[in-house]
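Please build the complex by placing chain A on the supplied structure of chain V, with the hints as guidance.
Protein chains: 2
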Amino acid sequence: MTNQRDGAARTCSSPPGLSVLKFGGTSVKNIGRIQHVAGIVDSWRQSAPALVVVSAMGDTTDYLLKLARQCSSDPDRRELDLLMSTGEQISMALLAMVLRYAGIRAKSFTASQVGIFTETVHSSARIIDVKTDKILQAFADNEVVVVAGFQGVTADGDVTTLGRGGSDTTAVALAAAIGAPRCHIYTDVDGVYTADPNVIPEARLIKQISYEEVVEMSRLGARVIHPRAVELARRHEIALRIRNTFKPHHEGSLIDGGKDMEIHRAVSGVAIDTDHARVAIMDVPDRPGVAGKIVKALADRHIVIDMIMQAFHPTTGLSSITFTVHRSDLDQTIGILQQVKEELGAKEVLADTDVAKVSVIGAGLSGRPGIAAKLFATLGDDGINIKMIATSEMRLTCVVGTADAERAARLAHQAFDLDKAPSPDR
Amino acid sequence: MTNQRDGAARTCSSPPGLSVLKFGGTSVKNIGRIQHVAGIVDSWRQSAPALVVVSAMGDTTDYLLKLARQCSSDPDRRELDLLMSTGEQISMALLAMVLRYAGIRAKSFTASQVGIFTETVHSSARIIDVKTDKILQAFADNEVVVVAGFQGVTADGDVTTLGRGGSDTTAVALAAAIGAPRCHIYTDVDGVYTADPNVIPEARLIKQISYEEVVEMSRLGARVIHPRAVELARRHEIALRIRNTFKPHHEGSLIDGGKDMEIHRAVSGVAIDTDHARVAIMDVPDRPGVAGKIVKALADRHIVIDMIMQAFHPTTGLSSITFTVHRSDLDQTIGILQQVKEELGAKEVLADTDVAKVSVIGAGLSGRPGIAAKLFATLGDDGINIKMIATSEMRLTCVVGTADAERAARLAHQAFDLDKAPSPDR
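Each protein sequence line maps, in turn, to chains V and A. Its first residue numbered 28, the first sequence is counted upward by one per residue in the numbering used here. Its first residue numbered 28, the second sequence is counted upward by one per residue in the numbering used here.
One chain only, chain V, in its complex shape:
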């Protein structure tokens, strides 16, 4: 994710007070919801021009993908992008129609029409440049501008799509290009929580959180907004507000640089990720470059690994290397390791799917070893076995058995007083 570098030129001629509003697929699922969205847009444009980004209607993306799979087991990427981009084109035109029917001047644009230029990579293109002349002209004509999310166009006129989280990225890139200081991400949840409220009922809505913390959280399964969009917002200093489309008067969560936070929490949230498995290659003769060889063999097949650790046994002179991979990559990973095993003269390859990552995230974690100690003690006191540990600037992850995951998360949530943190929204 972090090597995704979407670009967008900032302009200074944007109207004051301008906000970008982005509505996800569930928010525009049917015409009734599109009418509801039009009401929200209308209240915004009372005070300033409105720039709206929409995803495809609810199930459209799945329907189009199903058609493509009936055509080919491996649909051509260029054609797939042309196909998928119709989803957002449909919802943008419908929203503009509803707005106009309500007497509100509005105009919709595809990415090709706006000029959201990307590299020539289909299905996961990065944004290179965003033109603003059509948008500014429409603002000058007092029009609400509706733009199709998720899509781009190459310099050669080919349609591209931006991959996962694409519409969030479109919204932030447009905000950056047009000079809007703020981007409102309307979705079907109230905002960013200290933990998944479905798992931990005491989870609390976070009023304000930093870009970096949200990036860590969303990587760990809390999918309110795609980390790529947050990263782009961070670079362009665009504040993001996560809002619930169905509770438009709720304030939701503000994601920004975190400088104004009234409370400097050590820990902001807890996340559970059960999508990964643990893999180990055991008793490798310890030579320089062994770990590098394994990582390269996996990277060549685009398999992303995490939590890599190497243990050396001085008595045998052998090393063991353990890491986690996404479960969907597990079979392929084992196949690759079996080959590498022969080459390296390792003893065996082990896989463990009874793993869950429980992480605590917080901008205040780094340089405070007491927090890790507190977490380990809390889990240990409750008899939870920790299989692996990894730390980064802003997160502390323990791999535990799947049966222990929810209990571990709840204990951590409690231990760091997340259920008690002040949150004026509630």
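Take these hints with a grain of salt, some might be off.
[Said to hold, decoys possible] DSSO-like mimics (lysine-lysine), calculated; alpha carbons at most 30 Å apart, straight line: (1) K323(A) <-> K414(A); (2) K56(V) <-> K56(A); (3) K274(V) <-> K56(V); (4) K93(V) <-> K414(A); (5) K234(A) <-> K447(A); (6) K368(V) <-> K414(V); (7) K234(V) <-> K414(V); (8) K320(V) <-> K274(V); (9) K401(A) <-> K414(A); (10) K447(A) <-> K274(A); (11) K447(A) <-> K158(V); (12) K161(A) <-> K161(V); (13) K161(V) <-> K56(V); (14) K161(V) <-> K234(A); (15) K274(A) <-> K234(A); (16) K234(A) <-> K374(A); (17) K93(V) <-> K56(A); (18) K447(A) <-> K401(A); (19) K93(A) <-> K56(A); (20) K401(V) <-> K320(V); (21) K368(A) <-> K414(A); (22) K56(V) <-> K93(A); (23) K414(A) <-> K374(A); (24) K274(A) <-> K56(A); (25) K320(V) <-> K447(V); (26) K320(V) <-> K234(V); (27) K93(V) <-> K56(V); (28) K274(V) <-> K93(A); (29) K158(A) <-> K158(V); (30) K93(V) <-> K274(A).
No lab work stands behind these hints: they were computed from the structure. Owing to the predicted nature of the structure, the values given are computational and were not obtained by experimental measurement.
Only chain A this time, still in chain V's reference frame:
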């Protein structure tokens, strides 16, 4: 129709033997049919580059229109064109995927991508210019080119649609631009018949017919191809072959200049049209400009009238004016005539919906009064009352009661030996 003037620049650098193939909505209704179409395309591209134009899949257009009507009772035309154009974008991408999956190089293009430029009139734009560089480049790369029918783009980048018969028009305009001498219109019938086979079982497939005759026929309800596309083909001397997608080895019907016709028939076909009603404004004081005033009042509301005739009664010094209008325009027409009646001091406005137009069409009609005589005698001998008569260069139309329409058509079909005409296709 006749003042629709689609333009297309002819080029000379097109590959020899090139044909344009157009597939209608029923031909690409589902993935199974798209796969069938891919087979037809494959057999064509064995001998020469293939340029394929597709309509939207079966019910897509209706589905999108339904969504639009849920948004607005009068959807904005610009937004409606953006919405509707997704239908052809979906089918073109799917066909290209299927072709590529079968190992055939293929690439699809929207009208914007090709550069099918139209005037800025939404829902019924006329083509101004067609660019060929992307198509020729794809041919040079040995790719089958699939283009979305029905759509265009303005110089300003706005998406337009071409209105009824749009995909036929796209196919012919591309053929003209690329210098293809021939355009194959694949549809769900075998070709052009001497009459509607559902009404007259003796109807025979016409092997070869002139542009002008087909234009007359399709205006009278025989909807194999849109007259606008035929008119464009006539101007650019592009031969059209109507073929049945589901009988790809059938020759179908050839539409061309008619110079090579082996048999110069006086009458080529018979058509029935039950979509019109007869309207009359009775006993208007006869002054110059009375008819013109009525026609103008209707034309101002975009109501198309046909078969206008004026009868003067010397004894009263009053005139009556009678004409036909499309049934969907009847109520509005009566309303306008009621106003005009007051102004002109006419006596009354009459409407008659018990009318059907039975026409015989043929390039050999003009200058042969014996044919009209034969038709009137045939109908009269059978006790069929003729309410109105109109003739043009290539057609002879009788308005009869709806109950008599099928019988009148069958009698005419027989009287002019259409059931016996040689037709080597059968």
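Checked hints:
1. For the hint linking K323(A) to K414(A), the alpha-carbon distance of about 25 Å falls within 30 Å, and the restraint holds.
2. Distance restraint check for K56(V) and K56(A): the Cα-Cα separation of roughly 25 Å lies within the 30 Å cut-off, and the hinted pair is therefore satisfied.
3. Straight-line distance between C-alpha atoms of K274(V) and K56(V) comes to about 16 Å, which keeps the hinted pair within the 30 Å bound.
4. This hinted pair does not check out: K93(V) and K414(A) have alpha carbons roughly 56 Å apart, beyond 30 Å.
5. Between K234(A) and K447(A) the CA atoms are separated by roughly 13 Å; this keeps the pair inside 30 Å, and the hint holds.
6. The straight-line distance between the Cα atoms of K368(V) and K414(V) is roughly 23 Å, inside the 30 Å bound, and the hint therefore holds.
7. Among the hinted pairs, K234(V) with K414(V) is inconsistent with the structure: their alpha-carbon atoms are about 33 Å apart, more than 30 Å.
8. At roughly 52 Å between alpha-carbon atoms, K320(V) and K274(V) are farther apart than 30 Å, so this suggested pair is violated.
9. At most 30 Å may separate the alpha-carbon atoms for a hinted pair to count; K401(A) and K414(A) meet this at roughly 17 Å.
10. With a C-alpha separation of about 24 Å, the suggested pairing of K447(A) with K274(A) holds against the 30 Å cut-off.
11. Distance restraint check for K447(A) and K158(V): the Cα-Cα separation of roughly 66 Å exceeds the 30 Å cut-off, and the hinted pair is therefore not satisfied.
12. The suggested pairing of K161(A) with K161(V) holds, with an alpha-carbon distance near 25 Å, which does not exceed 30 Å.
13. For the hint linking K161(V) to K56(V), the alpha-carbon distance of about 27 Å falls within 30 Å, and the restraint holds.
14. A C-alpha spacing of about 52 Å is found between K161(V) and K234(A), which places the hinted pair above 30 Å, so the restraint is violated.
15. The hinted pair formed by K274(A) and K234(A) meets the criterion: a straight-line CA distance of about 15 Å does not exceed 30 Å.
16. Between K234(A) and K374(A) the CA atoms are separated by roughly 51 Å; this puts the pair beyond 30 Å, and the hint is violated.
17. Between K93(V) and K56(A) the alpha-carbon distance is near 15 Å, which keeps this suggested pair within the 30 Å criterion.
18. Proposed proximity of K447(A) and K401(A) is supported: the alpha carbons are some 17 Å apart, at most 30 Å.
19. A threshold of 30 Å between alpha carbons decides the hint, and for K93(A) with K56(A) the separation of about 18 Å falls inside it, so the pair holds.
20. Taking the CA atoms of K401(V) and K320(V), the gap is about 36 Å. The hint is violated against a cut of 30 Å.
21. About 23 Å separates the Cα atoms of K368(A) and K414(A), which keeps this hinted pair within 30 Å; it holds.
22. For the hint pairing K56(V) with K93(A), the CA-to-CA distance comes to about 15 Å; that is within 30 Å, so the pair holds.
23. Straight-line distance between C-alpha atoms of K414(A) and K374(A) comes to about 21 Å, which keeps the hinted pair within the 30 Å bound.
24. Annotation: proposed proximity of K274(A) to K56(A) holds, straight-line Cα distance about 16 Å (limit 30 Å).
25. A threshold of 30 Å between alpha carbons decides the hint, and for K320(V) with K447(V) the separation of about 47 Å lies outside it, so the pair is violated.
26. For the hint pairing K320(V) with K234(V), the CA-to-CA distance comes to about 45 Å; that exceeds 30 Å, so the pair is violated.
27. Between K93(V) and K56(V) the alpha-carbon distance is near 18 Å, which keeps this suggested pair within the 30 Å criterion.
28. Between the alpha carbons of K274(V) and K93(A) the distance comes to roughly 29 Å, so the proposed pair stays at or under 30 Å and holds.
29. The suggested pairing of K158(A) with K158(V) holds, with an alpha-carbon distance near 24 Å, which does not exceed 30 Å.
30. For the hint linking K93(V) to K274(A), the alpha-carbon distance of about 29 Å falls within 30 Å, and the restraint holds.
Comparing the model with each numbered hint stated earlier shows that hints 4, 7, 8, 11, 14, 16, 20, 25, 26 do not hold.
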